[in-house]
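What follows is the residue order along each chain.
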Amino acid sequence: MESIYLAIPLAPLFGAIVAGFLGRRIGRTATHWVAILSTATAFALSVMVFIDTVYDGNTFNGGVYTWGISDGINLEIGFLIDNLTAMMMMVVTFVSLMVHIYTVGYMHDDPGYQRFFSYIALFTFSMLMLVMANNFMQLFFGWEAVGLVSYLLIGFWFQRESAIYANLKAFLVNRVGDFGFILGIAGVLAYFNSLDYADVFAAAPLLADVTMQVIPGQDWSVMTVICLLLFVGAMGKSAQVPLHVWLPDSMEGPTPISALIHAATMVTAGIFMVARMSPLYELSETALSVVMIIGAITAFFMGLLGIVQNDIKRVVAYSTLSQLGYMTVALGASAYAAGIFHLMTHAFFKALLFLAAGSVIIAMHHVQDIRQMGGLKKYLPITYWTSLIGSLALIGFPGTSGFFSKDAIIEAVHASTLPGATFAWVMVMAGVFITAFYSFRMFFLVFHGKERMDEHTREHLHEPPKVMTLPLILLAIPSLAIGAFTIGKMLFADFFDGVIFVDPAHDTLAHIGEHFTGALGFVLHGVLGLPVLLSFAGVALAWFFYLKRPDIPAAIKDRFTGVYNVLVNAYGFDAFNDKFFAAGGRRLGRLFWRAGDVAVIDGALVNGTAFGIGRIAARLRHVQTGYLFHYAFAMIIGLLVLLTVFVTFSF
Amino acid sequence: MSSELPLLSLLIWVPIVGGLAVLAVGTGNNSAPAVRWLSLIVALVTFVLSLVLFFDFDRSTYLMQFVEKAPWVPVFDIYYHLGVDGISMPLAVLTTFTSVIVVLAAWEVIRVRVAQYMAAFLIMEGMMIGVFCALDAVLFYVFWEAMLIPMFLVIGIWGGPRRIYAALKFFLYTFLGSVLLLVALIYLYFQAGSFEILDFHALKIGLEAQILIFLAFLVAFAVKVPMWPVHTWLPDAHVEAPTGGSVVLAAIMLKMGTYGFIRFMLPITPDASAELDGLIITLSLIAVIYIALVALVQEDMKKLIAYSSISHMGFVTLGFFLVFTIFRDSGSVQGAALGVEGALVQMVSHGFVSGAMFLCVGVLYDRMHSRLIGDYGGVINTMPHFGAFMVFFALANAGLPGTSGFVGEFLVIMGAFKANFWYALLAATSLILGAAYSLWMVKRVVFGKVANDNVAALKDINPREMLVLGSVAFFVLLLGVWPDPLLEVMHSSVAHLLAHVTVSKL
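Residue numbers (our numbering), protein chains in the order written: chain A, 1 to 651; chain B, 1 to 506.
Bound conformation, chain B alone (with noise of 0.2 angstroms):
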């Protein structure tokens, strides 16, 4: 359990001073090559130290684990408290693991400020591990924001024509909700007399109180993962931003929106979070419903991948937030935790499939500079390798059975039907529509004839990036044939956010 090693602090600080060490380099004539090695050294190391995490990790218990605890700000009762549970862990294996991806999907490609894009990355990857893993509200705060500085910059200075919109769309969505969460976190100061979230989960508290909380939570956090509807930065941002950061927005980014659900909402205000499940529960399905059919006639791949994001998260919000219903009609939580496991694994199978879709758009927008679908066609022809991931990541993102993106939508539907028949069948729609804007997306890019003299120059995909999609495509399989391993990690600590979230705190 509790290892030698300050393992966390590890994870957010090695990523951190790595990435100023880059910077460091970065500044002499010719570096590129010793950045990207160095880059790729930083998060290799960190992505090694997240396996020693998920290895010793004690799935027999919700407690929190690796915890460090040091006085930040004594005087406001401020703590460097850091821990992890079968809820933040996986996502704090998945960031490291996208780092490295992203490193590797920007090697030759980004070629203008190589060091600080690297830089930006690796701080942005302490920063978020540093949110997953933060048990004071504080810190977690300061995580939260501070990690948009990177992306912004990201966004801004490698992003496409419209990045300057993009970007302040995008900065400005996120901060309208991060003052409401300050504004919660600090009345629940007051309150708990500290900054502790476990000792927030563990407050009484009224129920008007926990409505306004709730709210400023909802909108904090819906803006993060993101929900309809407030989810138009989404697109814009990623269209803008430059692979990587659509990989990390995609991957991990609309995560700590969720994350956010499952470590203050629904334990913070229960009561209110069962008055309200039929809010986050109609807002769901609208995203799964509704954003998917804007999916479908996106005539831009990286919108058609945003959009099918948000309708994915949908899945997420939806499974969180069923235990109440269930837990009404029958007086026990049984089938509940399908409905959490599910979204758990629908947020890390997500973070898998997308942040890959968006490296196959990344592959062809690198060679063509083109993101818009009508430009492509036959792409197989020229490229058969880069289409067989393409065919392959746009079936997980349709949800075949065997790949990752199976596991958490059927979880879901299953404790969906439990709670209520309707749920079920209009989160099932997504099987059909699913499949209809991934696999139309396929028919028009990669099948058919080699449509124009740009698909018939194309270059099938070097070593790196078979490399890149391998990797990622290595463990869309494991997790689809084979997610018990992730599965197990969460029975602990699902459980027992169930039993908190079904006792009253009025």
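For reference, chain A alone in the conformation it holds in the complex (with noise of 0.2 angstroms):
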């Protein structure tokens, strides 16, 4: 099994170097055969390794080589095999596939074809080490080399200025991010003496009450320290509030690696290493409620300005904030099963939601807007009843898999007795309202109403080929059944058992669980809930407002301009970010430059002295410039000496 293991990041790898070194002499066709295939050969892997781990019940955790010792800390590449595991591995390449299939119809045209086959399969590559890691630098090498493929793809059409504008933001918000991220991995080294998972996971619990003091005479728990250090690393890479202000001008990139990155694997992975880390996280309540509530501010905040957003695709990207916040939030309420849980049914259902974008894109000749479109519903069959099983997970319609995720963790907020619970309980209540409001805003002014595109476009409206249309059907199944199958095993049963560890203190899941009695019954006890007359609710206004009476709206934004314009621009995160950090750090830097280098230690310090010996030194330069050679004369003159006085000193 082990030599499969490492097939699985390997093959995409392989894809990778191939299409990005050999592409261009072996050609489109053949580049993406080989990043599909070999995307489809992790895929297969990771199912027989599935079947293996959740069925056979083979863990697996074991090193694949020393990447260095240090101070006899034994740092290696190596990788821990086990349900959660394998379930991310399962979700990563399946919809990495889906991508790259998708792919070949979305890029068609695109010069850097084959450059972008390169990055999706690295890509892939970066994520499954990630996943994969039994070790926290291993972890630390996956977080950037997918923050580095971000980088690379949301500049992927690097002669726009908005594309590498955003690239570069992206990537320095993520490395704020990693900034904590790396104090905390070095606590936990400085700690444990050991970045291994296991010792460390072992060793948690006798530093449950050990102490440090960060500002003298202050003790803080060293758990609740690393937990908040470790936290903003999920901060920048799951995108959450303050951190979150790259996600949404990611967009630049192109729609398949919005769909694959940005919505389905890459910024989960900061809830992915929260729920990885339950052993340390559920011995400090403080970095729980800290947890819970950046969670849920980014969960109801986030969806807010999905309302008032006009790009088919921005319009997406803030429903990812919001529900990464709904992740976030589960994971505060130790409810670690259920925010994983959903990111799994979310992996799938807003992948499909992106993709399904994307299509719309094509078939609208690259209009974002969805002022302009309207009506679609007749031109584009598939991507209508597509989008619409998207749109109803994503709601939480009853049955589908985003139903019961997010009804998981809201009744799990619910029980949750933290610090900060009720006012989080209360902001996902509220979101799952304005979820249903801002997802069929979009879903009616796409897809109903009046048909506002120009002629031209209308035109030439149409289903986008089988490559890309076939991915949107396979990835609405699990996100219509999922959920339905899933719920029962991996929340109330024992399949994190080992893996995800949960202090009976706070284990709002088990609480639940004492009323589960199966997928229907969820259902059924559900429908009659507050979560899904909000939705439905929030359905209703969506339709008065964009079909029935589209003057509303108007007439709303015009009475409310405050609020709006507070909305349009995002709370003022990008211009406080400008004008504070980018503009105060140029500044503070050409400060340090003009008046420290220059002024004083040059200007004061150096010429000063220089000038002194300038003067003398001007007298002798009218000698110099002819007779540089004699320098390098006198100095062959001079080696030749030493050589002799060696020679005969030695021997």
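Just so you know, the hints here were simulated from the structure itself, not pulled from any lab data.
Ideal Cβ placement from N, Cα and C applies to all residues, glycine included.
There could be a bad hint or two in this list.
A few chain B residues that face chain A, going by a derived Cβ cut-off under 10 angstroms, partial list only [what the hints assert, rightly or not]: (1) Val-109; (2) Gly-335; (3) Leu-338; (4) Ile-380; (5) Val-391; (6) Leu-433; (7) Lys-443; (8) Ala-456; (9) Leu-458; (10) Pro-485.
Facing chain A, according to a computed beta carbon distance under 8 angstroms, are these residues of chain B, among others [as the list claims (entries may be wrong)]: (11) Gly-278; (12) Gln-334; (13) Phe-447; (14) Pro-483.
FRET-style restraints, in silico, Cβ to Cβ [stated by the list, open to error]: (15) B:Asn-454 x A:Val-563: 47 to 53 angstroms; (16) B:Gly-470 x A:Ala-44: 31 to 37 angstroms; (17) B:Ser-330 x A:Thr-517: 51 to 57 angstroms; (18) B:Ala-209 x A:Pro-419: 54 to 60 angstroms; (19) B:Trp-422 x A:Gly-603: 27 to 33 angstroms.
Could you use the hints to bring the two separately framed chains together as a complex?
What follows is the structure, given as structure tokens:
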């Protein structure tokens, strides 16, 4: 089995290398076949591993090679294969495979076709290394590697100023997260003398009551400090407020990668990480509270922004932010399994929604403004029906996969007794309404109502080719059905035993599990619940506003321009960061340079001294230029003398 | 261990004698091709010899290896004494590799006085290896000073318009430091009765004397590193130096400064180092943050990379001096090796990465004769291969995992957290700032639309340039995914050093 584990990440790496270095030579068709087949191999092997791990109970924890040893600490590249990893591998390789296939159609006319395949295959490799890691260092490797590929892909169209602005921004904001993350890792190393998951988790309870003084005189729990630092990393990668600012801009990248990286997989790495670290987080209720509150803020306030967006991809991007907030809330409520469960269902339906958006964009000849769409239902039937499934899953329509995962989160938050749980509950509840409203606002504006596009576009509207619709259909199936099949096993059975650790004192899922009788019972119970009512209300309001009485939204916008502007400017985060951090950093740099280096050090100290010497040198300089070879000559003579002396004295 | 050949002598004298031969060959007309090939052969032979050194090196001992000892000036107990340990050996190999790169990078770029140019670099190579291998303080000092001459000439002859100012500033700074170094060494000679560096290590010295020696060393070595606030010669020297000069400056010469810290300062004055470690750590962290911010606003690519060098070297000095805090707080040196080994890896990695960055700027400068960021834009449209290399090296400069730039920073941050949370926090800002200045430059130079006609007319790198950048990239990647072979070399020497510096000499 070990060689299979190794083959899983290496297959896409091979694809990336071939596509990247030989792509031009072997041509477009051969390139996409190599990339698709290597990812398909990874997927097939992941299925094998999943069966072996989940059904036959064969877990694995072992090294591949020693990266380095320092201070007696073994830093290695190695794999930990358990149910969590096996599930993540399936999700990553499946969505990646769908995106690979879709790309054949979406990027058909792009001159960077081979480069694109190389990048997405490299991404698959990096993401697999991240989820398969058995230690913090490799986790950080994968963490930054997916960030790198994200950087390259957001800036894929490198001639666009907006794209290369967005990719720099994404990288830097992620680096802010990684700054916290690496400090968290350093904290782990400092207190556990190991970066190996198994060692660290085993020793964690011993450090539950240990304190450190970050500020002299203040005793802080070591676990709280470490968990919060690690969570800063998760905030960067999983785009939690206030480090969320890069995700909406990342939509500058081609749509397939928005689906793969900025919706289904990479952005959920933070969620995965916290769930993986549950033995640490369970030791710090402070950290859990912070996680829950940050998640709740993201879930609600980012959802709100989805309402005022008119770019089809940006609406989906804000929806992703909001859903990542839901997952984070679940983590804070110690319902790690629910967070991971939502990660999985979201990966399917959000990848579906993005790819469907891409299909609309292609049909519309790269128009992305939903105000210029409308009535696309009859031109794009497959896209329409699959989008409907994705949207229903997103809003938690009873029976769809999103319903199970979202309801589980809401119930878990409700059961949580940590500080901030009530606030979080209100936020996620309100978020349900908001989600339904913006999702169906977009859905109605795109597919129903008046056809608002120009004549030329309308004439050319048609469903995209099969390579693009097939992935939509294949993603629609799990979006619809996977929740019902897996909820019992993933949330209320032994699926995560020995993987995710929950302190019985805040085991919210166990609390819900007491009443769990099966998927059907869960649906029947939920249908009458508040969340479902709220989401129906959201859909109804969207229908009323955007199909029945389209004059109302405009009137509201005119009436409440203040609120509208706050939302359109996304609460001013970007403006603040630009002014305070970007411009401030440059201003500080210029100050240090001009005042420190140039004026004080060089001006006063160096050149002052040099002035005196310079006067002497000025005279010498007249002779100097012509005689520079004499210096060289003198040097040679000197060396010869040295040589001679050496030879005479030593022999 | 002790091989049949006097390997270290060969490493020093093959390039020096080879350099003289190059000068001799270079006197005739049309001698340039012969000069280039001869220089390359000399550099390659030296590199291969250094590989023998690397593979024959005994990793299990901290003792000096490949030792050669012969009386030189017996009257003053001065010996021609050479030897390497796990600290100096990688630097010698780095020097030989860099020299091959420098010769290749100059191939058809340098057209005037080719022989003198190549000879200067080859002779400099031998002397720099001499610095890293010398075990006699006078021998060390001779190499240390002598290598300034070829560098001075390289900047002064093949440099840019303000080369005289830069060369003078460079000379002035380093000269000041060298004088104090000489005084300290002579004082130590009178105390120890020999010029053996290892005798100096064992010498008992009182605290006041230690502090004076420490300060003398500090001035001498801090200038070379360079540490804030004696760093301002470096940006000027880089800007005026030809590409090869910049590469050697960044890759090797700066390392001589930090090598001085670890070979002289720490083991000779451990108590003074323990007293004054706060000073060094403060200066290091200022370098990491202040200089990174200065790098951010540079408009000249070479200045930007020069400042980035200073910032990265801050990690090296930080890593060296963590041991005292850790030892004071915990009574053991557990964790300190992370800092020192991280610092040593950073020295090697910085040699590759910043050298490569200067090579990249050189490639652009050769074509457009401008180093200003504002003159570029969208280079990747006309130079896709070059663009890929530049992005890669910029990412390595930003410490991306999988590249060598990550290894040193990572280990130093790990060690810093052991010493003090705030050291780690301040050092880790480099993650953000390093990415900011590196990738912002990439954005403005490499990405975007073709900015002007000059960029539109650019030709992508030729096979020779591809070979140069590709071979550096290979090592950057290798060291990033598998630094163990390098770390392994260091363990014994570092452990010995840490045990040594935590025992008081008073």
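Right, here's what the structure says about each hint:
1. Val-109: violated (20 angstroms)
2. Gly-335: holds (6 angstroms)
3. Leu-338: holds (5 angstroms)
4. Ile-380: Check passed: Cβ of Ile-380 of chain B comes within 6 angstroms of chain A, closer than 10 angstroms.
5. Val-391: holds (8 angstroms)
6. Leu-433: With a closest approach of 8 angstroms, the Leu-433 of chain B hint holds.
7. Lys-443: holds (5 angstroms)
8. Ala-456: violated (13 angstroms)
9. Leu-458: Because about 15 angstroms separates Leu-458 of chain B from the closest Cβ in chain A, which is outside the 10 angstroms limit, the hint is violated.
10. Pro-485: Hint on Pro-485 of chain B: holds, closest Cβ of chain A at ~9 angstroms, below 10 angstroms.
11. Gly-278: Hint on Gly-278 of chain B: violated, closest Cβ of chain A at ~15 angstroms, above 8 angstroms.
12. Gln-334: Interface hint status for Gln-334 of chain B: holds (7 angstroms vs cutoff 8 angstroms).
13. Phe-447: Since the shortest Cβ distance to chain A is 4 angstroms, the answer is holds.
14. Pro-483: With Cβ-Cβ at 5 angstroms, under 8 angstroms, it holds.
15. B:Asn-454 x A:Val-563: 47 to 53 angstroms: holds (50 angstroms)
16. B:Gly-470 x A:Ala-44: 31 to 37 angstroms: Taking Cβ atoms as reference, Gly-470 of chain B and Ala-44 of chain A lie about 35 angstroms apart, which means the hint holds.
17. B:Ser-330 x A:Thr-517: 51 to 57 angstroms: 55 angstroms Cβ-Cβ, so the 51 to 57 angstroms window holds.
18. B:Ala-209 x A:Pro-419: 54 to 60 angstroms: holds (59 angstroms)
19. B:Trp-422 x A:Gly-603: 27 to 33 angstroms: holds (32 angstroms)
Consistency note: the structure conflicts with the earlier hints numbered 1, 8, 9 and 11.
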